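Residue numbers (the numbering used here), protein chains in the order written: chain Y, 1 to 359; chain A, 360 to 718.
Keep in mind that the hints are not guaranteed to be accurate.
Claimed, not checked - Which residues of chain A face chain Y? A partial, calculated answer using Cβ under 8 Å: (1) Asp471; (2) Leu475; (3) Leu558.
Said to hold, decoys possible - In the DSS-like style, the derived pairs of lysine-lysine whose C-alpha atoms are separated by at most 27 Å in a straight line are: (4) Y/Lys214 / Y/Lys149; (5) Y/Lys270 / Y/Lys280; (6) A/Lys508 / Y/Lys227; (7) Y/Lys189 / A/Lys548; (8) A/Lys639 / Y/Lys227; (9) Y/Lys181 / A/Lys629; (10) A/Lys586 / A/Lys629; (11) A/Lys629 / Y/Lys189; (12) A/Lys629 / A/Lys508; (13) A/Lys586 / A/Lys540; (14) Y/Lys167 / A/Lys540; (15) Y/Lys167 / A/Lys548; (16) Y/Lys149 / Y/Lys270; (17) A/Lys484 / A/Lys508; (18) A/Lys586 / Y/Lys227.
Just so you know, the hints here were simulated from the structure itself, not pulled from any lab data. All of these numbers come straight from a predicted model, not from anything done at the bench. For glycine and all other residues, C-beta sits at the position ideal for the given N, C-alpha and C.
Protein chains: 2
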Amino acid sequence: MPRTSNRIEQLQGLMKAQHIDLLALGPGAQMQWLLGFHPHADERPCLACISQTRAAFLMPALNAAGSREATNLNFFEWSDAEGPQVAFTDLLTDLNVTNARQIALDETMRADFAALVQDALPAAKRQFTASSIGHLRMRKDESEFTLLKANALIADAAMMAGWDAMKVGMSELEVAEIIRKKFIDLDTKPLFTIVGAGLNGAYPHHQTGETILKAGDAVVMDIGGGKSSYSSDITRIAVLGEAPDGYHEVQAIVEAAVQAAMLAARPGVKAHVVDDAARKVITDAGYGQYFVHRTGHGMGVEIHEQPYLTSVLQTVLETGMVFSIEPGIYLPGRFGIRLEDIVILRADGPEILSDLPRD
Amino acid sequence: MPRTSNRIEQLQGLMKAQHIDLLALGPGAQMQWLLGFHPHADERPCLACISQTRAAFLMPALNAAGSREATNLNFFEWSDAEGPQVAFTDLLTDLNVTNARQIALDETMRADFAALVQDALPAAKRQFTASSIGHLRMRKDESEFTLLKANALIADAAMMAGWDAMKVGMSELEVAEIIRKKFIDLDTKPLFTIVGAGLNGAYPHHQTGETILKAGDAVVMDIGGGKSSYSSDITRIAVLGEAPDGYHEVQAIVEAAVQAAMLAARPGVKAHVVDDAARKVITDAGYGQYFVHRTGHGMGVEIHEQPYLTSVLQTVLETGMVFSIEPGIYLPGRFGIRLEDIVILRADGPEILSDLPRD
């Protein structure tokens, strides 16, 4: 696990600079990143609350003993009978933020958790964590690279397991189950296993189902797992027998788009420049309308995090950022092709984490 | 799958009665319950929006084609480049709710999704869905009972698999993996598999880990899976060899608390009366301070939903409600015992879904 001990300090430095009085996180990836753990997540409000100088937990009583083993932060406990209001007021008083003017909320936490904070501080302006925790999370260190590389190689193995087992007559779900099993065998939690056969490949977020694989299908596999709190995410295409009409042409265009994006991704470049590069290849080839999503997204403790590579985002890419490059072309009624690699941005360009060739 | 076609109508009836102008749901259990499906969930705002007379989706463009197969609702699509703002404004105009005064938000959805709605309707009062969708979800029908019973029997089989395989020298995670595998073999998604051995059993939400099972351990297993969009949840205790000191006494108290709660749970009774009954048994036996959580929670498309059985809740129980009864006693440094069954409340009392005896 990466050391998290100095992350609170780094965060509080940013909070001072940005005049954020209080930052609140629910039990999830953000808390995991900041504190190295998170308590059980359910409907009971559980918040890590960070002020510019202190930090404490709003903690459901039944999770207190278990969480005490993982953190030294002060707990403000509440029982099912009492509810969280009194404990939360005590926490705000203890952190000296009852007059907070700027609060930053974990965008991924439950809406009712966010409401608890906002209702207690009605005069505060609300922002989310993109410029604070998001800013820090984007800039990854060696220990994180190591975990991401390990996750990528596990995803490679899971992809190969699906590939090796796949044959005409199997269902998408059967292939997905083989991939899931490989993740599990490698001590990794399967996070998503999209298998889209034939026409289904034209839906970028196809819900893997009972569709049977046929000869001539292009099968999109977009899979990811999680180990040691970090993630993997990779997309490859398998073709069963002879490729469908036009497949090779479209495949070559998507591959060219990947390579254009890889060339464009350099430290100091804005995120949209990478999207522009991939999109130009696909648009120039006449398929612009079929590239219906951004070129990529950051990855780390979450599968999708900053930086996002869209046609408009002005985020300046820096060495140490980790993101996907994954252009695609989706032809309704025919097939879809997306090729995705996760890269670490190095001084001289992207380092691809997967060892699997894209073809 | 239960028919969902009349649920929107029922919901709109409640919205009219309660003067809720707009209800918004994220992709999750609530949307699944209302519409019978939900699109892929990620950081892209995706909302099912219900007015008193109409309904529509705010839909990320890349999920549109796939979702079109599952619903006839109108889509207001947005691309990664455009962002959701314009499409959401168009949706509010189309639903004629730009002057909404009361909005109900899915409490489980991401905080940034909720903010999108609230920022677009700054004059509206916000509530969550407890009195609208929550009210409807509590009152389950025969098709839901059937799915919940099927899920309960699968959980029984998974519990037995863990029980049969468990032996001294295995780790909690190994036992959990066997339980997970059984769920998967039965075409069911494992949702949680808490295995707490010995001292760990004293943490109600113990994070299953590398602890090795020893002779004389009481092992708490709290597991649940999901099939056909419904859930299971059951807790049993296995004792490896000779029980720890005091185990049989405490086990008998918890069992008596379960039975007291079962006797108290009748249509027309308030939720807290059930909690009171279980808590009285445990308190009278001198263990009140070690029963650190509520007696139960509703269950359906979510593992935890209304009605909650706490010491304060005034919800009146009705026939057809489905909830857990799960008192526990947690003795730090010694062991923990929780016994949990899911019941359907019938006219003459609770019907237990599991076929496994509690001892």
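Evaluated hints:
The closest approach between the C-beta of aspartate 471 of chain A and any C-beta of chain Y is roughly 4 Å, which is under the 8 Å cut-off, so the hint is satisfied. Residue-level restraint check for leucine 475 of chain A is violated (minimum Cβ-Cβ distance to chain Y is 11 Å; threshold 8 Å). Against a cut-off of 8 Å between C-beta atoms, the interface hint on leucine 558 of chain A is violated, since the closest Cβ of chain Y lies about 10 Å away. Between lysine 214 of chain Y and lysine 149 of chain Y the alpha-carbon distance is near 34 Å, which puts this suggested pair outside the 27 Å criterion.
At most 27 Å may separate the alpha-carbon atoms for a hinted pair to count; lysine 270 of chain Y and lysine 280 of chain Y meet this at roughly 16 Å. In summary, the hint linking lysine 508 of chain A to lysine 227 of chain Y is not supported, as the alpha carbons are separated by about 34 Å, beyond the 27 Å threshold. In summary, the hint linking lysine 189 of chain Y to lysine 548 of chain A is supported, as the alpha carbons are separated by about 13 Å, within the 27 Å threshold. Annotation: proposed proximity of lysine 639 of chain A to lysine 227 of chain Y is violated, straight-line Cα distance about 44 Å (limit 27 Å).
At roughly 45 Å between alpha-carbon atoms, lysine 181 of chain Y and lysine 629 of chain A are farther apart than 27 Å, so this suggested pair is violated. Annotation: proposed proximity of lysine 586 of chain A to lysine 629 of chain A is violated, straight-line Cα distance about 30 Å (limit 27 Å). Distance hint between lysine 629 of chain A and lysine 189 of chain Y is unfulfilled; the C-alpha atoms sit about 41 Å from each other, more than 27 Å. With a CA separation close to 25 Å, the supplied pair lysine 629 of chain A and lysine 508 of chain A stays within the 27 Å bound.
Restraint check for lysine 586 of chain A and lysine 540 of chain A: the C-alpha separation of about 14 Å stays at or below 27 Å, so the hint holds. A C-alpha spacing of about 24 Å is found between lysine 167 of chain Y and lysine 540 of chain A, which places the hinted pair at or below 27 Å, so the restraint holds. At most 27 Å may separate the alpha-carbon atoms for a hinted pair to count; lysine 167 of chain Y and lysine 548 of chain A meet this at roughly 24 Å. Distance check on the hinted pair: lysine 149 of chain Y and lysine 270 of chain Y sit about 25 Å apart at the alpha-carbon level, within 27 Å; holds.
Restraint check: the Cα-Cα separation between lysine 484 of chain A and lysine 508 of chain A comes to about 39 Å, which exceeds 27 Å; the hinted pair is violated. Taking the CA atoms of lysine 586 of chain A and lysine 227 of chain Y, the gap is about 25 Å. The hint holds against a cut of 27 Å.
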